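Top line first, the protein sequences correspond to chains A and B. Here the first sequence is numbered in my numbering, starting from 1 and rising by one per residue. Here the second sequence is numbered in my numbering, starting from 1001 and rising by one per residue.
Since the hints were derived computationally from the structure, they do not count as laboratory data. Every value quoted in this text rests on a predicted model; they were computed, and no experiment measured them. Watch out, some of these pointers could steer you wrong.
On the chain A side, residues computed to face chain B include the following (Cβ under 8 Å) [claimed, not checked]:
#1 Ile9
#2 Gly16
#3 Met19
#4 Gly22
#5 Met23
#6 Val27
#7 Gly47
#8 Ile50
#9 Glu51
#10 Ala54
#11 Glu55
#12 Asp250
#13 Asn261
#14 Trp262
Beta carbons are placed, not taken as given, at the ideal position from N, Cα and C, and that holds for glycine.
For reference, the chains in residue letters:
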Amino acid sequence: MNLLFIRSIEGRILMGITMFVGMMILVGWVAINEEARMQSFVQQHTGRSIERGAELYALNCSECHGEEGYGAGDRAPGLNNPHFFGYDPVGLHTAAIINANRALVRLNKNTDSLLAEMTDAENPPTEERQNEILAALTELEAQIDEQNATIESAVAGRVAVLESLDTAVENGLFPLWDTVVDIETTSENEVEVFFYNNGTRLAQVGWAGDLRGYIITTLIHGRPGSGNVWPNSEGMAAWSQTAGGRFRHDEIEDLAAYILNWDKGADWAFEDYIAVAQYGKPLADGSLPSEPPPPPAGDNVMGILARWEANEIVGSEVSGADLYDAEFGCTDCHRGGASAPDTIGTLARIQNERLTAPGFEGYTVEQYLVESITRPGDYVVDGYSSGLMPVNFGVRMTDQQLADIVAFLMSQ
Amino acid sequence: MSILPFPSFLDDVKEKGFKKAVFEGIDDSVERLTAGLNVQDLREAFRGETASRRPNPRLTPHADGFWLHMRPSYFNRDVTGMYPSFRLGWLSSYFVWFETITGILLMLWYTPSPEIAYGDMLTILSNVPLGQLMRDMHRLGAEFMVAVVAMHMMRTWFTGSYKKPRQFTWFTGLLLLVITGFLSFSGYLLPWDQLSLWAVTIGASMAEATPVVGDQVNLLLRGAPELGANGLLRFYLLHVLALPALLFIMFGVHYYKVIIHGHSLPPRKENIGEDTAKRVPLDKRVYFIPDMLTYEMMWLGATTFIITVLCIWFYHAPLENHANPEVTPLGTTAPWYFLWIQGALKLGDKFVWGVAFPTVALGGLALLPYLDVTPSRRYAHRRFMITIALLLISLTTILSYMGLAKFAVQTSAETEIVHELTFEPAHSKVGIGRTIPFDQMIVGAYTTAQLHGRDDMSATDIIAEFNAEVFANGQFDQLIQELKDQKVGANQLPLRFRTIPAAEAPKVMRVMEEFHHHLAAVEAKELPGVWGALVITDNQAGLKRLDWIVSWDSVLIEGGQVQLDEAGEPILVYSERVDSEGNPIPVRRIFSDHLFIHEASAYFD
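If we strip away everything but chain A, and leave its shape as in the complex, we get (with noise of 0.2 Å):
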C-alpha cells in the first residue's frame, strides 16, 4: 500500500503516468481482440438460442409435431426433413422433363415448317434445297430421339426415386399424389406441374420468402385452417404474444433458430424422407392449375439471348409498355432523366453514346439491354448513382417479358 503514498512528487507523477498508458494499453488490446470476441459470442449466444428453443419445442411443440420433429398422431407434420427444408427429391428430373418438353416443342416446330417448305406445292424447293432440308430433317430426328430418351430416362428415375421414397410418399410426401395424378389420363404437363408445385414446402404452400420467415410467420400466426387437415389436431394455434399466444417474441426466434438447426444441407438421405410420420398437407383443395409457372429468364444475358433466338421469342412494343409503365414499374425512376436515365431517346442514346464507349466493342443494342435489365450493376452510366436499380428484375422477368420490354425500349 505505500506503493500508493509515494513521498516524492516525481515518483507519483511517473507511477501515474506509468498507470494511465498502461490503462491504455490494456483497453487497446482488448479493442484489437474485439472482433474475434463478438464474433465468439454470437456463436455461443446462437448455441443457447438452439437450446431454449429445444426446450420449448420439447414442452409446446413436441406432442403434435414429434420429439424428433417426425410429426405425430396425425396432428401436425414433420418438419425435420429434407421437403421441409427445400431439397426436392424428384427436382432434377422435374426440371430435366420440362426442359426436354420445351426443347421439343421447338424441334416439332422447326420440324413442321421444313416438311411444309419441302410440300410446299406452289413454290417446290430446288433440288439442293430438298438435300438441305432432308438433311436438316435428319438431323432434327435426332435431336427429337435424344430428347424423349431424356424424358425417359427422367421419369424413369422419377419412378425410382418415387418407389425407393414410397413410405414417405405414403405419409403424405407429395400429398393428392394418388388421388390427384392419375397417370393414364392426366396429361404430361399436369404431372410436371404437379411436382414443380409439391417438390418443397415452401413451393406447396405457395411461399415467396425463405424458411426462416416462414417458420417465423407460422409461428406468430399460427396456420389458420389446419385444424381442417389434420383430424387429432385443433390446428396450429398463433404462439406470439402479439397474436395472443404465450411465447416472446425473442422465443420466437429461438424455437425458429431449434427447428432451422435440423437442417442437413448436403448430408439428407433418403432414409430422412422415410423417418417422417407424416408430412405436411396443403390446405386448398388439390385443384392443379392448368399452365406450369414459366421460368425466370435469369441473368445469364448471352444464354437468354440464345434462348430467344431458339425459342423464336420475339417481343410486343404494347405489352411491352405496359409492362415497363405498370407491372415492374420501371418508369417511376426512368422518367425525365432525374433518378435514372430518361425512357425517351433510348435506341439514339444507346446507339449514338453507350455502344461508341470503351468496352462495348460488339455489343448489340439487345444485349445492352437484356444486361442492363438483369444486371443492373455491370455498368452505370456516369452521372447516376450506382446500386439504385433491383437487382432481381432478371429473377422476376420471363424471356417473353423481357423480350417485350427490350422491344418497347427499342421503339422509344
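Position chain B against the provided structure of chain A, taking the given hints into account.
Then chain B, alone, in the frame of chain A:
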C-alpha cells in the same frame, strides 16, 4: 501603431520579436486556463520546488477558478496518509464519476423497454466494440461503490468523526449511502434478464409490506401490479435521472460540509473535546497543488488500471436468460447489499422485518451523532460504540448469510441436487453438468449406482447386476416412462445402463461422482435406496439432451419435514404390491430434469 483596431498578436510580434511574443502568448493562455498558474509556476510545482512568485500563485486556482473552488488549498499532513481515511471518501467520489461516464456510454445502446432491453444487452456484448468491457466496468464499479460507501461510513464510525460539529455531514453521508444502494438496485433491473427481474421483484415486494400505503408505493414504483414495461421505464428514469440528480446534490452538500469543518484528524492527534481540523499549523500543511493533485491523479490512474485489469481477467457482468415472469428460478436472492433484509425477512413478519427493521436501523444510524455525545474520539474511550459497530457488522454479515438461498429454504433434496448440477450461468457460476465438453457427451444411460463403493466388483459387473435388478423391480420401466413423459424421442430411449466411459469422458465421470456424492449425503434421511441417472441422448446435429433422474423409495413427509420412526429411521410409504417373499414394496418415486447443450454454447467451468 496597430494595423488592427485593437491590440493584437501581430503588434506584440512587432514590438517584442516573434519568439518572445509566442512564449508570452502561451504563458498568458496557460495562466488563464489554470486560473492563475503560468508555465513557470507549473514547472516549479511539478518539480516540487517552492513557488518563486509572491503572492503564492498556487492558491489562486482555488480562489478564482471553478474546478478547485471547493477543494481546500492545503490539507493537514496527518490526514493525507492511508490512515485515518483509507481514501474511502475519495474512492466514493471517484466511483460517482466513473459510474457516470461508463453509464452514459452504455445509455447510447440501451432502450428501456421489455421488448428491446435484453436484445440491447446482446447487442452491447456482440456488436459494440469494447461494449462488454464498458458493461463490466459499470457493473463492477457499482458493486465497489456500494461497498466503498458502506466502508466509508463504518470508518467514520470507528474514528468518531461524526461527532460535533460533523453531525450533519454524517447525516448527508447516510443519505448518500441510501441513494447509492438504490442506484445500484435500480440498475439491477435494466438488463431485463431473469436475475434482474427476480432480484428486483423480491426487493420491490418489500415495499408492499409498508402498512396503509404499501400497495400504493408498490404500484407507484412498478407502474403496474407486476413488473413490466412501466416498471422498467420507471426504474430506468430513477437510475439515470432522479437518483443521480439527488446523488450529485447530496454529494455537493456532503463535500461542502467536509471542507467547512475540515477533514477530521486521527483521534490521538487532538486533545479530547477539541476540533483542530481547521487550524493547520504551517509545518503540517500539504498543499493541494502540487502534492494532493499528483496524489489524486496517480490514484485515478491506479484505480482505473486495477478496475480495467479486473474486468478483463477476473470479472464479467452476469447476463442470464431473458426475464420471464412465469418461471421463478430456484434460489433467487436480492443483490448482495440487500441480502441482510432478505435474511431478516426469514425471521418472521414481512412488515416487522422487511420495513420496520430497516427503517429503525437507518433511523438509528441517522441519530447516532445525536445519541453518542461523549466528547472523546479516542478509541480507548469509545469501547461501547466500537463494540456496537462490530456487533452491527456481525449482525449484517449473519443476516446476509441468512439471506442466501441455501439458508432455511424448504426445497426437496432431489430438486436441490439436480439444480446444483444443472443451473444456468448466474453470478459467474454454472452447474457442473453444463461444463461437460461436447465431445465427452457420449450417448447412453449412466447411473450413480456404479459408484456405490463396491471394490470387490468391476464396474461392468456392478452395472450388469444393477441392470438386472432394475429390470426386475420395474424401476427401469419407470425411468423409461419418465423419459417418455419428458418428451425424449422414442428412437432415443436407452435400452439399459452402461458403464460410465471414464477414459473417453473423464468429465462425465467427475459429474457423476459429484451427483453420487450429493445423493449419498441425503440418502439415509430423505431419499432411501436412491440412485441417480444421467441419460445422454442425441437431439440434433450439435445438440445433445441430458436428462438427470433421481429414483428413491418414498418417505413420509409432513410439513416439509421427513417423518422418522422411533429408531430415527425415515418412515417409508408402501404400495399395495408385495415382493416374492410377501413383503410390501415401498412406493418408488422418480424425479427428473433435463437440459439441452449445444456444442457452440461454451459454458465456462
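So, going through the hints one by one against the coordinates:
1. Ile9: Holds, about 4 Å.
2. Gly16: holds (4 Å)
3. Met19: holds (3 Å)
4. Gly22: holds (5 Å)
5. Met23: holds (4 Å)
6. Val27: holds (6 Å)
7. Gly47: This interface hint holds because 3 Å falls under the 8 Å limit.
8. Ile50: holds (5 Å)
9. Glu51: Nearest chain B Cβ about 4 Å off; hint holds.
10. Ala54: Holds. Min distance 4 Å.
11. Glu55: holds (6 Å)
12. Asp250: holds (5 Å)
13. Asn261: holds (5 Å)
14. Trp262: holds (6 Å)
In this structure, none of the earlier numbered hints is contradicted; all agree with it.
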